[in-house]
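For the record, the sequence lines run as chains U and B.
Take the first sequence: its letters are residues 1339 to 1766, numbered as in the numbering used here.
Take the second sequence: its letters are residues 47 to 198, numbered as in the numbering used here.
Don't read these hints as lab results, they were simulated from the structure.
These numbers were taken from a predicted model, which means no experiment stands behind them.
Incorrect hints may appear among the rest.
Said to hold, decoys possible - Okay, derived cross-link-like pairs now, EDC-like style, lysine to aspartate or glutamate, Cα gap no bigger than 16 Å in a straight line:
| # | chain 1 | residue 1 | chain 2 | residue 2 |
| --- | --- | --- | --- | --- |
| 1 | B | 167 | B | 130 |
| 2 | U | 1758 | B | 55 |
| 3 | U | 1342 | U | 1367 |
| 4 | U | 1394 | B | 161 |
| 5 | U | 1750 | B | 100 |
| 6 | U | 1760 | B | 139 |
| 7 | U | 1412 | U | 1367 |
| 8 | U | 1401 | B | 139 |
| 9 | U | 1479 | U | 1398 |
| 10 | U | 1394 | B | 139 |
| 11 | U | 1474 | U | 1397 |
| 12 | B | 163 | U | 1715 |
| 13 | U | 1750 | B | 54 |
| 14 | U | 1557 | U | 1567 |
| 15 | U | 1688 | U | 1745 |
| 16 | U | 1758 | B | 96 |
| 17 | U | 1760 | B | 115 |
| 18 | U | 1423 | U | 1441 |
| 19 | U | 1443 | U | 1370 |
| 20 | U | 1760 | B | 130 |
| 21 | U | 1341 | U | 1365 |
| 22 | U | 1654 | B | 115 |
| 23 | U | 1760 | B | 96 |
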Amino acid sequence: MAKKFVIIGNSAAAVGAVESLRAIDSDAESWEIVLISDEPHHTYGRPLISYLLFGKTDEERMKFRPDDFYSANKITTMLGCTVTKIDASAKTVSWSKDSYSGELKYDKLLAAIGSVPFIPPMDGIDTVPLKTPFMKLDDAKLLQERVDADTRVFIVGAGLIGLKCAEGISKLTKHITVCDLASRILPSILEAEPAEIMRNWIEGNGVRFMLGDTVSEFKGKTAVMKSGERVEFDVLVLAVGVRPNVALIKDAGGEVNRGIVTDQFCRTSLKDVYAAGDCSESYDITSGQTKILALLPNAYAQGYVVGRHVAGLEDKPYDSAIPLNAIGFWGKHILSAGSYVGEKYEVFGKDGSYRLICREDGLLKGFILIGGNDVHDHSAFDRAGIYTNLIKDRIPLDTLNFEEIKDRASLKGFTAEARKRKLGGVER
Amino acid sequence: MKRVYVNEEWCLGCHLCEYHCANANMGGVTPQDMVRNLRGRTIHPRIRVEDGADGGKINFAVQCRHCYDPMCVKSCIAGALTVEDGVVTHNPDKCVGCFTCVLTCPYGCIMPDGDGKVVQKCELCLRNKVGAPACAEHCPNRAIVYEERGVM
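Can you make the complete structure from the sequences, with help from the hints?
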């Protein structure tokens, strides 16, 4: 009889686990899969919610996998069910949905439970009539319903989530104010000077910033700032940050730091329990630090490792994680990877583009590439994946002519032998 | 599965493959359609010739390798990239143009399309009217071939 693999979650890490397990156990002879998720929706691309507001996709097209994904992969779904408890010794999860509740036995369990919005204590927050985080499809749908051309939107947090929300919502209203305690935007992916380039660009697209300032108190639809300024708004978006969703694992006695602690096969300290995606920690090879890499490609990669491991394979550990971000605002794109350490090569282009290349110990460690102000000119970040690959595979830069490609990524900096290997067959 | 391979010792750097690629992906069927499709336009080929490697002597063409374990597919935030019978395939209707695939393709073979709103990539001409890679078909020196070499 098939054993039972229970997946909590329904996003990239969960899908990665399903696809790698079913690539091996395609007929479900060895493993039954039960997928349980508190969101009632078909799996969707989580980062697409801002594109939904912007009108670049819709609910149908933002499905992360086709309609027959669950049936084709022989998955029993329990959507709209919230897992309330993991009992790692009895190997059960408790769930509830409306007035129903139950228990589910598992042989292996994956917690792909993502992150939760971090909302610092703010005076008077309960007096705000309409507020939402910006994490889930339902958050975007709420904004779609409640924001029109006259709505004043106040976004707290100038990070990736807050600013993608600002871009998305700009299709609905022009009254957008973003504040952040930090004096610059996008601190998780940009250093100060490129952040300034992006701030100017985003301001040019109609967003008002209040940086280095934060809310001291909310009074209904008014925010009183630390600076003394007052912001009148109709809708408040809380995008201060996110935290790994660790509660279930922590309560079950699993080891947790900032995120859920896992090994190279994404196993938690609890027997037969894995964790993958934004809820867990990753080892960043470019900084040598364990950190939260809450990024969809990493979530999928971790899930993929879990599925293979459940199937009994230990050949491909999760061992080359790096920060990776591709994000655009009003047509100006930022592609970045790795850590900004070591020797820096920096170019401020006359066309508004920006390039930072970081090398240390003979390896490429990180880069930031920002496109120019002509949104149709992509030459600044063209073929960036060639750099990403140098970082991920830790390719010694003295084995290629990096000088030749540092201003524009290409394969011609590689040796003839390396090119033959890359282009003469299939490497990956 | 058959893939496109480049024999760089035979590449003349003529860039004809780029024109045939652009023509095929703009609805062209034969080279005679090139005038109609390409004249006076900036072309956006999915294959690219790199000139001047090894001190200027070498040219070679690069397009999607149709990886066995494709990073682009695994990284796509929209589910717009899939593997169909071994061919890494792009659905522009689902693509939101975030360029995560541009950031993760180790060969630099996915690029923004002409409008820059979505990406484009080589699909071996299997989904256009040509039906087999136009670049290989029309390479004057057999520097680009379409053949079975297996997975390395």
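So, going through the hints one by one against the coordinates:
Of the supplied pair hints, the one linking residue 167 of chain B and residue 130 of chain B holds, its CA atoms being roughly 14 Å apart against a limit of 16 Å. Taking the CA atoms of residue 1758 of chain U and residue 55 of chain B, the gap is near 10 Å; set against the 16 Å cutoff, the hint holds. The straight-line distance between the Cα atoms of residue 1342 of chain U and residue 1367 of chain U is roughly 11 Å, inside the 16 Å bound, and the hint therefore holds. Proximity of residue 1394 of chain U to residue 161 of chain B is assessed by CA-CA distance (about 14 Å); at most 16 Å being required, the pair is judged to hold.
As the CA atoms of residue 1750 of chain U and residue 100 of chain B are separated by approximately 8 Å, the hinted pair is consistent with the 16 Å bound. At most 16 Å may separate the alpha-carbon atoms for a hinted pair to count; residue 1760 of chain U and residue 139 of chain B exceed this at roughly 30 Å. Note on residue 1412 of chain U and residue 1367 of chain U: the hinted pairing holds, with a Cα-Cα distance of about 10 Å set against a maximum of 16 Å. Under the criterion of a C-alpha separation no larger than 16 Å, the hint pairing residue 1401 of chain U with residue 139 of chain B is consistent with the structure, at around 12 Å.
Only pairs whose Cα atoms come within 16 Å are accepted, and residue 1479 of chain U paired with residue 1398 of chain U is accepted, the gap being roughly 13 Å. Between the alpha carbons of residue 1394 of chain U and residue 139 of chain B the distance comes to roughly 10 Å, so the proposed pair stays at or under 16 Å and holds. This hinted pair checks out: residue 1474 of chain U and residue 1397 of chain U have alpha carbons roughly 12 Å apart, not beyond 16 Å. Our distance criterion of 16 Å between C-alpha atoms is met by residue 163 of chain B and residue 1715 of chain U, whose separation comes to about 12 Å.
For the given pair, residue 1750 of chain U sits about 11 Å from residue 54 of chain B by alpha-carbon distance, which is consistent with the 16 Å threshold. The hinted pair formed by residue 1557 of chain U and residue 1567 of chain U meets the criterion: a straight-line CA distance of about 13 Å does not exceed 16 Å. Taking the CA atoms of residue 1688 of chain U and residue 1745 of chain U, the gap is near 14 Å; set against the 16 Å cutoff, the hint holds. A hinted pair counts as satisfied when its Cα atoms are at most 16 Å apart, and residue 1758 of chain U with residue 96 of chain B qualifies at roughly 14 Å.
The hinted pair formed by residue 1760 of chain U and residue 115 of chain B meets the criterion: a straight-line CA distance of about 14 Å does not exceed 16 Å. Between residue 1423 of chain U and residue 1441 of chain U the alpha-carbon distance is near 9 Å, which keeps this suggested pair within the 16 Å criterion. Proposed proximity of residue 1443 of chain U and residue 1370 of chain U is supported: the alpha carbons are some 12 Å apart, at most 16 Å. Restraint check for residue 1760 of chain U and residue 130 of chain B: the C-alpha separation of about 22 Å exceeds 16 Å, so the hint is violated.
For the hint linking residue 1341 of chain U to residue 1365 of chain U, the alpha-carbon distance of about 13 Å falls within 16 Å, and the restraint holds. Under the criterion of a C-alpha separation no larger than 16 Å, the hint pairing residue 1654 of chain U with residue 115 of chain B is consistent with the structure, at around 12 Å. Between residue 1760 of chain U and residue 96 of chain B the alpha-carbon distance is near 14 Å, which keeps this suggested pair within the 16 Å criterion.
Going through the hint list in order, the structure does not satisfy hints 6 and 20.
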